[in-house]
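Peer 1: If you're matching positions, the sequence shown starts at 0 in numbering that gives the first Met the number 0 and goes up one per residue.
Simulated from the structure, these hints should not be mistaken for lab results. Mixed in with the good hints there might be a few duds.
Stated by the list, open to error - Straight-line C-alpha distance at most 16 Å; calculated EDC-like pairs for lysine to aspartate or glutamate:
1. LYS158 - GLU72
2. LYS204 - GLU167
3. LYS155 - GLU330
4. LYS171 - ASP200
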Amino acid sequence: MGISDILDSYSKEYWDFKNAKNEGIHKIANYPAPMVAPMQHELLQLLVNENPDYRRLLDPFHGTGVTLVEGQEVGLDVFGIDINPYAHIISLAKLEKYNPIEVEKINERVLSRIVQLKARGNWEKHSFENINKWFRRDVIEDLSIIRTAIKKETDKSVKHYYWLCFGEIVKKYSNTRTSTFKLHAKEAEKINAMENHIFADFQNKICETYKLIGYPALGDFQLECGDSNMIMKKMDSESFDIICTSPPYGDNGTTVTYGQFSTLQLLWIDNSDFRYDISCIDNFSRLDSLSLGGTLSRNNAFYCSPLVTQYIEKISPHKRKKIIQFYSDYENSFRTMARLLKGGGSMVLTLGNRKVDGIEFPFSGINIDLAEQYNMKVEYVITRNIINKRMPRRVSRLSDGQSVSSMSKETTLLLKKGC
Numbered sequence: 000m001g002i003s004d005i006l007d008s009y010s011k012e013y014w015d016f017k018n019a020k021n022e023g024i025h026k027i028a029n030y031p032a033p034m035v036a037p038m039q040h041e042l043l044q045l046l047v048n049e050n051p052d053y054r055r056l057l058d059p060f061h062g063t064g065v066t067l068v069e070g071q072e073v074g075l076d077v078f079g080i081d082i083n084p085y086a087h088i089i090s091l092a093k094l095e096k097y098n099p100i101e102v103e104k105i106n107e108r109v110l111s112r113i114v115q116l117k118a119r120g121n122w123e124k125h126s127f128e129n130i131n132k133w134f135r136r137d138v139i140e141d142l143s144i145i146r147t148a149i150k151k152e153t154d155k156s157v158k159h160y161y162w163l164c165f166g167e168i169v170k171k172y173s174n175t176r177t178s179t180f181k182l183h184a185k186e187a188e189k190i191n192a193m194e195n196h197i198f199a200d201f202q203n204k205i206c207e208t209y210k211l212i213g214y215p216a217l218g219d220f221q222l223e224c225g226d227s228n229m230i231m232k233k234m235d236s237e238s239f240d241i242i243c244t245s246p247p248y249g250d251n252g253t254t255v256t257y258g259q260f261s262t263l264q265l266l267w268i269d270n271s272d273f274r275y276d277i278s279c280i281d282n283f284s285r286l287d288s289l290s291l292g293g294t295l296s297r298n299n300a301f302y303c304s305p306l307v308t309q310y311i312e313k314i315s316p317h318k319r320k321k322i323i324q325f326y327s328d329y330e331n332s333f334r335t336m337a338r339l340l341k342g343g344g345s346m347v348l349t350l351g352n353r354k355v356d357g358i359e360f361p362f363s364g365i366n367i368d369l370a371e372q373y374n375m376k377v378e379y380v381i382t383r384n385i386i387n388k389r390m391p392r393r394v395s396r397l398s399d400g401q402s403v404s405s406m407s408k409e410t411t412l413l414l415k416k417g418c
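Build the full structure now, drawing on both the sequences and the hints.
Peer 2: Laid out in structure tokens, this is it:
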């Protein structure tokens with residue numbers, strides 16, 4: 000029985016995963032719009048069962064590393080890329096794994112160091128532009144103590160773990176609203192009313208999170224933090240058996256502002272323990288502008304999908320540039336992904352159709368057209384309702400001030416490259 004026959008046996012409602020929630024390793028950190036782990040696991044397992052020679056998986060937009068973790072679970076070596084350093088930090092913690100005996104020993108050392116720093120008053124007070132807008136004075140002081148304690152840790156093998164845990168505490172005690180992923184300060188009354196349990200929360204975080212991550216590591220992995228197109232260009236052709244990803248549905252500035260969501264954490268974390276370009280967080284929107292479709296690029300004079308031209312003609316002239324920018328970047332990504340995929344390899348794309356000017360952008364159909372252009376056939380299409388999502392119901396605003404509803408459905412394409 001082929002994979003299409005197996006998928007035909009599932010009910011349409013099955014893929015909604017109504018009761019699915021982030022569990023185990025996938026709840027160690029908060030991040031916007033994560034993929035549904037059980038769905039990715041099931042699809043990858045089906046692909047590996049049908050193609051036992053599959054060995055290597057690429058996710059060029061890995062986010063919190065859901066596909067990478069699930070790829071390892073089914074026996075694959077995984078390679079991930081993401082431009083967002085906080086997504087990189089989360090995924091690194093999930094894939095590195097940590098010896099529980101070592102973590103428990105270092106936990107005692109870090110917590111003891113915090114007590115000593117508080118008693119002696121010789122911690123390094125952290126500062127950055129507008130820090131007092133985003134954090135209360137007492138919060139800055141307590142976070143600075145923890146930051147100093149982590150920086151003094153000499154065991155680099157688990158240092159990434161503590162920065163991840165710290166980042167989650169930073170986000171919790173910031174003055175930014177939780178109702179949006181964009182950086183908007185809370186009302187003064189709410190800021191003043193917030194209770195400070197930073198030290199207790201950090202202790203609980205470092206003493207519990209490693210248990211969710213698991214040990215030992217399941218397979219080889221490699222992560223790169225940076226522009227996916229630039230990094231993929233340097234890779235050898237036909238070097239992956241599976242490409243499994245959820246690419247951006249549009250530029251981050253008008254869809255999900257992953258960069259703004261992550262910036263405060265990154266301003267506190269010591270980047271010298273990681274490999275990423277600190278200039279990407281020079282201001283609160285720079286990371287989003289560096290993401291796919293965020294900056295003006297050379298526009299394609301010819302679109303592989305006629306749906307793009309048809310769509311551009313329907314929307315307002317002043318809205319067209321961003322669509323053209325995004326599509327130009329994305330087609331370059333798709334072309335490179337197709338080059339990296341081995342003949343007979345599989346591509347799994349989880350996609351959403353956003354709205355611009357109140358008109359749905361046919362992203363799923365565009366990807367089907369691109370697949371045909373680059374020697375791939377559609378093996379199966381799954382459409383699911385998004386029941387539980389870590390996204391606000393309204394994600395952007397029209398020029399008249401009205402908010403735009405976020406997507407309620409997504410499509411997963413299973414593609415197969417010709418030999």
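Peer 1: Could you run down the list of hints and mark each one as holding or not?
Peer 2: Hints and how they fare:
no.: 1; hint: LYS158 - GLU72; verdict: 24 Å, violated
no.: 2; hint: LYS204 - GLU167; verdict: 9 Å, holds
no.: 3; hint: LYS155 - GLU330; verdict: 39 Å, violated
no.: 4; hint: LYS171 - ASP200; verdict: 10 Å, holds
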